[in-house]
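So for the sequence shown, the numbering used here puts the first residue at 30; every next one is plus one.
Worth double-checking, as some hints may not be accurate.
Label-pair restraints from in silico Cβ distances [stated by the list, open to error]: (1) 314 <-> 162: 29 to 39 Å; (2) 296 <-> 98: 30 to 40 Å; (3) 282 <-> 180: 37 to 47 Å; (4) 35 <-> 144: 37 to 47 Å; (5) 162 <-> 210: 20 to 30 Å; (6) 261 <-> 348: 22 to 32 Å.
Derived lysine-lysine pairs resembling PhoX-like cross-links, with alpha carbons at most 25 Å apart [what the hints assert, rightly or not]: (7) 118 <-> 168; (8) 31 <-> 167; (9) 167 <-> 191; (10) 83 <-> 284; (11) 41 <-> 31; (12) 191 <-> 206; (13) 261 <-> 286; (14) 339 <-> 374; (15) 261 <-> 284; (16) 286 <-> 339; (17) 191 <-> 275; (18) 31 <-> 83; (19) 257 <-> 241; (20) 284 <-> 118; (21) 180 <-> 167; (22) 83 <-> 286.
Hints were generated in silico from the structure; no laboratory data involved.
In this text, a Cβ means the ideal position worked out from N, Cα and C, and glycines have one as well.
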Amino acid sequence: YKALHLLLRRIKEVNQLETPLYTIVFFPTDSTFRFIVTSSDKPYYRHAYTNYPKALLSNWETGGTLDSYRDENGQWLSAFAPVRNSAGKVVALLEADENFEAFAMRARNELWRNTLLSTLLVIPFGLLLFNYFARTFKKQEEDQQLLLQQKEEIESQNEEIKAQSDLIEEQNRDLEKRVQERTAELQTTNEQLANFLYHSSHDVQAPIATLKGLYHLISLEFTTETGKEYLKRIQQTTYRLEQMVKTIQRVHYIKTKSPDFQWIDIQELAQQVFQRFEKRNADLQFVSNNNKIVFADEELLQVILEELIKNALQFNERRANLTIAIEVWQKNGMHHVSVRNNGDKLSHTARENLFVMFQRNHQNSEGMGLGLYISSVCAQRMNGDLRLNEEHQDGVAFEIQLPVTD
């Protein structure tokens, strides 16, 4: 027990985990898990774990990951894997946790830091915008006063020549109409400017929109290398913030979307996805075995194909003769869709954290590390699974598994 305890503690320290690693065993007699060996002194030996997520039992043989859940010890994000004896039988689970509050706090701190930077950059732009509208409103007020003065003069003249001919009266009415039109036009213009100022002031408070506008204005003035470097950083920050918002919105949409299952020609869908990429430094092949129709949600399946094809193209950009092959077959009541390429292999570290949130699996990656996580969520939303084919030796192969329906 002590040897395993020290081994788990070393693994925890090497991976810089905030929470302990622990092994748990299920006791059918009282339907509880019991803690056995851990990397810390608590939970203690044979301590009962009652409010456990049901996925621990349903995925007892395979392991997996758990989205946010709450138990008697707090709120967590977890991953677990089966522990087998020499006969290959699963006798326990090894589990690692991430405290959800700590994870959310890191995300909030990053957002606040970027927002503060954006706000500091926005202040000069806001002052310029305020000065512009102040001068504009002042000019509009002067014009309005002039029009009102002219209107009063015309009314005074109308009283003096009231007895004159119909022609003069007609001219006066025409002038009155023109003054009213100009006054209405001025009022409309003022309302539009007020609305524009209102929306603009709110947009200035939004970091993404503000940085885009600021980048455009400054780029017209800066010609020095230092200025260009600052502009480049602003542009990169804007892009990262924008991608963060879009990606989080996408994750929320996928997790709340009700799947619309239908029969889909995956060969046709893969071709459509492939054609959207500007840099297609690869050949897309479809292995024909008379099984190219799957029952799935087209939008979710399209997201998975986009991420897998994008990874293959992006991480093998300089590789010649790159081939992306797609194959479909049925086995054990499941559709199996293999998306493989003959590019660079994944490192051992990347394989271990492949579907983890915010995990970048390539040194040249510029994304947020959510692509494969989103793909995994899409598969789960269709009651399926996405996994790495460990047996594929030439390059990288992913396998999508979806239930077969009558």
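Going down the list of hints, with the structure as the test:
1. For the pair residue 314 and residue 162, the supplied restraint of 29 to 39 Å is violated, since their beta-carbon distance comes to about 59 Å.
2. About 38 Å separates the C-beta atoms of residue 296 and residue 98, a value consistent with the hinted range of 30 to 40 Å.
3. In this structure, residue 282 and residue 180 break the distance hint of 37 to 47 Å, their C-beta atoms being roughly 56 Å apart.
4. Checked against the hint of 37 to 47 Å, the C-beta distance between residue 35 and residue 144 comes to roughly 44 Å, which is consistent with it.
5. Judged by the Cβ atoms, the range 20 to 30 Å given for residue 162 and residue 210 holds: they are separated by roughly 25 Å.
6. Residue 261 and residue 348 have their C-beta atoms about 28 Å apart, which keeps the hinted 22 to 32 Å range intact.
7. With a C-alpha separation of about 84 Å, the suggested pair residue 118 and residue 168 falls outside the 25 Å cut-off, and the hint is violated.
8. For the hint pairing residue 31 with residue 167, the CA-to-CA distance comes to about 81 Å; that exceeds 25 Å, so the pair is violated.
9. Proximity of residue 167 to residue 191 is assessed by CA-CA distance (about 36 Å); at most 25 Å being required, the pair is judged violated.
10. In summary, the hint linking residue 83 to residue 284 is supported, as the alpha carbons are separated by about 19 Å, within the 25 Å threshold.
11. In summary, the hint linking residue 41 to residue 31 is supported, as the alpha carbons are separated by about 15 Å, within the 25 Å threshold.
12. At most 25 Å may separate the alpha-carbon atoms for a hinted pair to count; residue 191 and residue 206 meet this at roughly 17 Å.
13. Only pairs whose Cα atoms come within 25 Å are accepted, and residue 261 paired with residue 286 is rejected, the gap being roughly 37 Å.
14. Between residue 339 and residue 374 the alpha-carbon distance is near 15 Å, which keeps this suggested pair within the 25 Å criterion.
15. Straight-line distance between C-alpha atoms of residue 261 and residue 284 comes to about 34 Å, which puts the hinted pair past the 25 Å bound.
16. Straight-line distance between C-alpha atoms of residue 286 and residue 339 comes to about 23 Å, which keeps the hinted pair within the 25 Å bound.
17. Of the pairs offered as hints, the one joining residue 191 and residue 275 is violated, with about 68 Å between alpha carbons and a cut-off of 25 Å exceeded.
18. The suggested pairing of residue 31 with residue 83 is violated, with an alpha-carbon distance near 30 Å, which exceeds 25 Å.
19. The hinted pair formed by residue 257 and residue 241 meets the criterion: a straight-line CA distance of about 15 Å does not exceed 25 Å.
20. Annotation: proposed proximity of residue 284 to residue 118 is violated, straight-line Cα distance about 34 Å (limit 25 Å).
21. A distance of roughly 20 Å separates the Cα atoms of residue 180 and residue 167; the hinted pair therefore holds under the 25 Å criterion.
22. A C-alpha spacing of about 23 Å is found between residue 83 and residue 286, which places the hinted pair at or below 25 Å, so the restraint holds.
Of the numbered hints given earlier, the model fails hints 1, 3, 7, 8, 9, 13, 15, 17, 18, 20; all others are met.
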